[in-house]
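2 protein chains.
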Amino acid sequence: MTHAPNGILPEAIPFGTPKPRKEAFMVDFFQLLKRRRAVRDYEERPVPLELVLEIIKDSTLAPSSGNGQPWRFVVVNDRHWIRRLSDESKRNLVAAMDKDPDSPLRRYESVLRNEGFNVFYNAPCLVYIVGPGDVRSLQIDCALAACYLMFSAAARGLGTCWVAQGAAIADPETLRALGIPDGYRIVAPIILGYPKSIPGIPARSEPQILKVLG
Amino acid sequence: MTHAPNGILPEAIPFGTPKPRKEAFMVDFFQLLKRRRAVRDYEERPVPLELVLEIIKDSTLAPSSGNGQPWRFVVVNDRHWIRRLSDESKRNLVAAMDKDPDSPLRRYESVLRNEGFNVFYNAPCLVYIVGPGDVRSLQIDCALAACYLMFSAAARGLGTCWVAQGAAIADPETLRALGIPDGYRIVAPIILGYPKSIPGIPARSEPQILKVLG
Numbered sequence: 001m002t003h004a005p006n007g008i009l010p011e012a013i014p015f016g017t018p019k020p021r022k023e024a025f026m027v028d029f030f031q032l033l034k035r036r037r038a039v040r041d042y043e044e045r046p047v048p049l050e051l052v053l054e055i056i057k058d059s060t061l062a063p064s065s066g067n068g069q070p071w072r073f074v075v076v077n078d079r080h081w082i083r084r085l086s087d088e089s090k091r092n093l094v095a096a097m098d099k100d101p102d103s104p105l106r107r108y109e110s111v112l113r114n115e116g117f118n119v120f121y122n123a124p125c126l127v128y129i130v131g132p133g134d135v136r137s138l139q140i141d142c143a144l145a146a147c148y149l150m151f152s153a154a155a156r157g158l159g160t161c162w163v164a165q166g167a168a169i170a171d172p173e174t175l176r177a178l179g180i181p182d183g184y185r186i187v188a189p190i191i192l193g194y195p196k197s198i199p200g201i202p203a204r205s206e207p208q209i210l211k212v213l214g
Numbered sequence: 001m002t003h004a005p006n007g008i009l010p011e012a013i014p015f016g017t018p019k020p021r022k023e024a025f026m027v028d029f030f031q032l033l034k035r036r037r038a039v040r041d042y043e044e045r046p047v048p049l050e051l052v053l054e055i056i057k058d059s060t061l062a063p064s065s066g067n068g069q070p071w072r073f074v075v076v077n078d079r080h081w082i083r084r085l086s087d088e089s090k091r092n093l094v095a096a097m098d099k100d101p102d103s104p105l106r107r108y109e110s111v112l113r114n115e116g117f118n119v120f121y122n123a124p125c126l127v128y129i130v131g132p133g134d135v136r137s138l139q140i141d142c143a144l145a146a147c148y149l150m151f152s153a154a155a156r157g158l159g160t161c162w163v164a165q166g167a168a169i170a171d172p173e174t175l176r177a178l179g180i181p182d183g184y185r186i187v188a189p190i191i192l193g194y195p196k197s198i199p200g201i202p203a204r205s206e207p208q209i210l211k212v213l214g
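Line order of the protein sequences matches chains E and X. If you count the first sequence from 1, position 194 lands on 194 in the working numbering, and the numbers rise without skipping. If you count the second sequence from 1, position 33 lands on 33 in the working numbering, and the numbers rise without skipping.
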């Protein structure tokens, strides 16, 4: 195993450097905690499929209820397809909003109605984490896999963002093209790409501890 | 910043070594990916509260829907309290099972009916991640915080386990003692402690990629 000089992320593992083999470098977790940021601005260059598959493999090390591993993956590594999925998701969300005046989607109304807006921020790669809708723990299991996926991607120099507005895919033909069976749910749409820049550490409230017993 | 020799987790950061200051050491993420395991066998010694609070603080670096940060925390750092919570949760789960012959809890029936069994595996510390039940993204947001919490704990030499069977707390007096307001839900009961041993890497299926587009 080779070590980067100093072994510390910011100097040794600049974001944007492709990392084909995960065993060949190390990344400090405590740096990663702060560097794993929602990225919404990506370089043009594509993400090698091999790298996406390694990251997906890492994500399956997540724990799941009863070790059920209900997660399944769809990789969309094509900007035209991603654009099409953005358009369909926006269309479905706008339709849902039009039916429900109290929809919580109202906060995103202006961007969802903006034809030019890509909910996936023109990222070059999108991974859908999906699973059978009748698995009671599906949301939590897939969220844990998504968390692993986002950490693994960040450790390899990629940016990610969980784009909840990209999950509203309903057209049967589109679902068939994505390989998503009937009865499955899209839990986590995660975009990946080489970041143009990494946002600073975001505003976070101090932890709210309701009680300490003992 | 000081570095451990070689900077690699298994040799440099033996599990079970208390780590009071997170800046004082580094932990390789790719090692952590494999070392973060569900631990169900703990040493007697307690977890310093200061360490638990640092881990909770790390967990709040997780992303959340609209940066809503709906997570709240209850720290139970007392074995007697943890035992009491285990007993109440088991009681409520058994009652739910008795009402529903098709309950998915049946797979845990024998342990839930075993008076001696502690769903929290006699761990010295329990953190409940909770939040307002009317937040639509609550389960996912709290699962992401839980994932961060489990990684941070593992990076500091602690074992964790998400114990879904420990969430069934309903007695108003108990909820009041835990500081959990009306309308809040317990999403993630996570136990923490110094592991007696770390289980090996578990069986994981190969990732099931439904489709690659592009």
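Since the hints were derived computationally from the structure, they do not count as laboratory data. Don't take each hint at face value.
To be verified - Computed cross-link-like contacts, EDC-like style, restricted to lysine to aspartate or glutamate with a CA-CA straight-line distance of at most 20 Å:
no.	chain 1	residue 1	chain 2	residue 2
1	X	Lys211	E	Glu206
2	E	Lys211	X	Glu88
3	X	Lys211	E	Glu88
4	E	Lys211	X	Glu43
5	X	Lys211	E	Asp78
6	E	Lys196	E	Asp78
7	E	Lys211	X	Glu115
8	X	Lys34	E	Glu206
9	E	Lys211	X	Asp171
10	E	Lys34	X	Glu54
11	X	Lys211	E	Glu43
12	X	Lys196	X	Glu88
13	X	Lys57	E	Asp182
14	X	Lys196	X	Glu43
15	E	Lys57	X	Glu206
16	E	Lys211	X	Glu50
17	E	Lys211	X	Glu206
To be verified - From chain E, some residues computed to sit far from chain X (all C-beta separations above 12 Å):
no.	residue
18	Glu43
19	Met97
20	Asp98
21	Arg113
To be verified - Chain E regions said to be covered by chain X (calculated; three or more residues, Cβ under 8 Å):
no.	segment
22	27 to 33
23	56 to 69
Note that the structure is a prediction, hence the values are computed from the model and not measured. Cβ coordinates follow ideal geometry from the N, Cα and C atoms, glycine included.
Practice item. Any hints from earlier that this structure breaks? Give me their numbers in increasing order, please. Key: Hints 1, 4, 7, 8, 11, 12, 13, 17 not satisfied by this model.
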